[in-house]
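Engineer: Work the whole structure out from these sequences, hints included.
There are 2 protein chains.
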Amino acid sequence: MDADRCLKMLKALSDETRLKIFEMLKGGKLCACKILEGLNITQPTLSHHMKILCDCGLADAERDWKWTHYSINKDALKALTDWLNGENEGKI
Amino acid sequence: MDADRCLKMLKALSDETRLKIFEMLKGGKLCACKILEGLNITQPTLSHHMKILCDCGLADAERDWKWTHYSINKDALKALTDWLNGENEGKI
DNA sequence: TTATAGTATTGACAAATATCTATCTGATGA
DNA sequence: TCATCAGATAGATATTTGTCAATACTATAA
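Line by line, the protein sequences are chains A and B. Under our numbering, the first residue of the first sequence carries the number 1, and numbering increases by one thereafter. Under our numbering, the first residue of the second sequence carries the number 1, and numbering increases by one thereafter.
Derived from the structure by calculation, the hints contain no laboratory data. One or more hints might be untrue.
Only pairs whose alpha carbons sit at most 25 Å apart, straight line, appear in this in silico DSS-like list of lysine-lysine [to be verified]:
1. B/K26 with A/K78
2. B/K51 with A/K8
3. A/K8 with B/K26
4. B/K51 with B/K78
5. B/K20 with A/K11
6. A/K8 with A/K29
7. A/K78 with B/K78
8. B/K74 with A/K11
9. B/K11 with B/K34
10. B/K26 with A/K11
11. A/K78 with B/K11
12. A/K78 with B/K8
13. A/K20 with B/K78
14. A/K66 with A/K34
15. A/K74 with A/K20
Here are the in silico distance ranges between beta carbons for each label pair [said to hold, decoys possible]:
16. A/A61 with B/C31: 43 to 49 Å
17. B/D2 with A/R5: 22 to 28 Å
18. B/H48 with A/D64: 43 to 49 Å
19. B/W67 with A/R5: 32 to 38 Å
20. A/S71 with B/E37: 42 to 48 Å
Even for Gly, the Cβ is constructed at its ideal location relative to N, Cα and C.
Structural biologist: Quick look at the structure:
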């Protein structure tokens, strides 16, 4: 885990809508359509946000038939918080 | 610690310059002029960034004669990482 | 009071970005 | 093959924000 990766994750979390999505996903895996229900944004906007969350590694996407299920990548999250807390040793 | 406060902290950390400052301060308390030395920005820009870091609670400012010393507020940092990790119980 | 020095504020501007509409893609089922 | 549907991409726009130069503030020292 380096500062660049950390910065990317922090940028991903530093938007109100994406932080809301993050909170929703903390409760467990969710389909894109379910996430969309809880937010006042359009589908392309959600798609854009999910890409940012996935690209930085904080979220994982899993296609199941026609739906995409998203979940938090707990290892990435832990790497981020460890880095912030100064426990910069190894991993990810 | 609520999501709003968390969002403010994440926004504060989601800028490359401020994350560098954060890293510097993780090594210990620093004078503004020392921070400035390690960054290619002007003094007003640093002042602007320090205000953001202090306003969200992640950094503390301490005036000593004519110099201002900045440090990380470890309680605030822990509250942030706890919140991200889902340990949302109480405090700050 | 006046000069000096470290830090903060203001105002302007350019770059980044969150959002939308419109459209595309890819897979399924008739 | 064609229609349908979930999700992705493209292009445009408005807002946010990082930066600077200029200036103000505040405390000290002469």
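Engineer: Please go over all the hints and tell whether each is borne out by the structure.
Structural biologist: Against the structure, the hints come out as follows:
no.	hint	verdict
1	B/K26 with A/K78	holds, 18 Å
2	B/K51 with A/K8	holds, 22 Å
3	A/K8 with B/K26	holds, 19 Å
4	B/K51 with B/K78	holds, 20 Å
5	B/K20 with A/K11	holds, 14 Å
6	A/K8 with A/K29	holds, 22 Å
7	A/K78 with B/K78	holds, 13 Å
8	B/K74 with A/K11	holds, 21 Å
9	B/K11 with B/K34	holds, 24 Å
10	B/K26 with A/K11	holds, 20 Å
11	A/K78 with B/K11	holds, 19 Å
12	A/K78 with B/K8	holds, 20 Å
13	A/K20 with B/K78	holds, 20 Å
14	A/K66 with A/K34	holds, 14 Å
15	A/K74 with A/K20	holds, 17 Å
16	A/A61 with B/C31: 43 to 49 Å	holds, 46 Å
17	B/D2 with A/R5: 22 to 28 Å	holds, 27 Å
18	B/H48 with A/D64: 43 to 49 Å	holds, 46 Å
19	B/W67 with A/R5: 32 to 38 Å	holds, 34 Å
20	A/S71 with B/E37: 42 to 48 Å	holds, 43 Å
Comparing the model with each earlier hint shows no violations; every hint is respected.
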